[in-house]
Amino acid sequence: MIIPKRDEIKKIQGYASEIEKQINSCLAEKVNYSEIIKILSSEKVQEILGKNQNIYILYIMSKVLEFELNQNVPRTVFDGRNTRDIIRLYRILTLYLRRLEFDFSKEYKMETIEYILSEKISMVAVMAIINNNNIIIHKERVISELQNILSEM
Amino acid sequence: MNEKKICFIACVNDPAFFSECLLYIDRLFVPEGYEIDVLSIEDAKSMTSGYNEGMNATDAKYKIYLHQDTFIVDRYFLYELLDIFNSDSEIGMIGIVGAPKMSEDGCMWNNERVFSMYGKDVSDISKCNVYSKPDSYKCVEVEAIDGLLMATQYDIPWREDLFAEFDFYDASQSMEFIKKGYKVVVPIIGKPICVHDDGLILNLMNYDENRKKYLKEYM
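Note that the protein sequences, when read in sequence, are chains R and P. Just so we're aligned, residue 1 is where the first sequence starts under the numbering used here, counting upward by one. Just so we're aligned, residue 1001 is where the second sequence starts under the numbering used here, counting upward by one.
There could be a bad hint or two in this list.
Simulated coverage check for chain P against chain R, where a stretch passes if three residues somewhere in it have a Cβ under 8 Å from a Cβ of chain R [what the hints assert, rightly or not]:
| id | stretch |
| --- | --- |
| 1 | 1054-1060 |
| 2 | 1100-1114 |
| 3 | 1205-1216 |
Chain R stretches covered by chain P per the calculated footprint, using a threshold of three residues with CB under 8 Å from any CB of chain P [unchecked claim]:
| id | stretch |
| --- | --- |
| 4 | 72-80 |
| 5 | 89-95 |
| 6 | 111-117 |
Restraint ranges, calculated between C-beta atoms of paired labels, are given here [claimed, not checked]:
| id | chain 1 | residue 1 | chain 2 | residue 2 | range |
| --- | --- | --- | --- | --- | --- |
| 7 | P | A1164 | R | I2 | 43 to 53 Å |
| 8 | R | E35 | P | D1014 | 28 to 38 Å |
| 9 | R | S25 | P | N1110 | 51 to 61 Å |
If you are wondering where the hints come from, they were derived from the structure by calculation, not from laboratory data. What you are looking at is a predicted structure, and each value in this text was computed from that prediction instead of being measured. Where is the CB? At the ideal position from N, CA and C, for every residue including glycine.
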């Protein structure tokens, strides 16, 4: 690991803030999906992707957005949210999905579904987040548990 | 000191994550005759001051200092912990990730590491219905363990005089134990003990400054 210097970290944080600001301006009124995808595919984002957690998560969520747009999902993960909400959603959903991964009781697994429903997260997004999330190890198990619970509802 | 008590101590600034961490603690199988307790330290000025506060607030002999985003998936972890501590009174501290030899630049990640967690050593969960104590545990002695989970059977004050932020409290405490003649180990038990959901990319704003303090004090 190259030991990061404070100046370099501050510079990266500055870039990250600027990128978030640009994305939030796309979210202000009618969501400009193509612009969001364009911003998060830019060279600047690629440069700092492995160095800033917020940008890393937003990048993953832009991939999720592309899946949702391809499937004509009526409400995407970017709708009605700002960047902080989107980042938080990713992290909290991961917590809930981990309950399916590690065989929690039905009561706790149902809370996962309740969270997905209350946050109006599309199943397209859920699947894309599972598949693009490298802290969810047993992806097939999570998907299988999810399918089992949904089939019982 | 209550020799039959195990206390989890965490510095907390995200209640949602800590609530989730507690779900995993609640699921742990507790060895007969033992009790567990949990202390959360909120608004800690630093990890060292928070952990000192926790350490002094409990009479538990065994203390498990963990991050709020560390999720213990091995439900027999407490059995394994006690077996390892009881096997050798010289073992002062147990970690999940550690460096047998600290790198010359003070950065734990720049040398070989050993670990018993998901994300680094992906393997299937071994589904055990009954705890079966192995004949012996393989424990690797290390010079530093990662702060995600640090379990102790002795109390040594954390160096809040030196490390007043959120870096190097773990490497420092490892050296404090070693200086006192204790071993710091990482057990290799053939299955992952926990998941550490720290977001993979860390905030290292103060890392270098604290690294230099660590080098000056210990290397």
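(request) Using the beta carbons of R:S25 and P:N1110, state whether their distance is inside 51 to 61 Å or not. (result) Violated, since R:S25 and P:N1110 (Cβ atoms, about 40 Å apart) do not stay within the stated range.
(message) Is the coverage entry for the stretch 1054-1060 of chain P by chain R consistent with the three-residue Cβ rule at 8 Å?
(response) violated (count 0)
(request) Given the hint of 28 to 38 Å, check if R:E35 and P:D1014 actually sit that far apart at their C-beta atoms. (result) holds, 31 Å
(message) Is the listed coverage of the stretch 89-95 of chain R by chain P valid when you require three or more residues with a beta carbon under 8 Å from a beta carbon of that chain?
(response) Per the Cβ count (4), the hint holds.
(message) Using a Cβ cutoff of 8 Å, are there at least 3 residues of the stretch 111-117 of chain R near chain P, or does the coverage claim fail?
(response) Since three or more residues must qualify, the claim that chain P covers the stretch 111-117 of chain R is violated, with 0 doing so at under 8 Å.
(request) Check, residue by residue, whether the stretch 72-80 of chain R contains three or more positions whose beta-carbon lies closer than 8 Å to a beta-carbon of chain P, and give the verdict. (result) violated (count 0)
(message) Taking 8 Å as the Cβ threshold, is the statement that the stretch 1100-1114 of chain P is covered by chain R upheld or broken by the three-residue rule?
(response) Answer holds; 4 residues pass the 8 Å Cβ test.
(request) Kindly confirm whether 43 to 53 Å is satisfied by the beta carbon distance between P:A1164 and R:I2. (result) violated, 25 Å
(message) Is the coverage entry for the stretch 1205-1216 of chain P by chain R consistent with the three-residue Cβ rule at 8 Å?
(response) holds (count 6)
Of the numbered hints given earlier, the model fails hints 1, 4, 6, 7, 9; all others are met.
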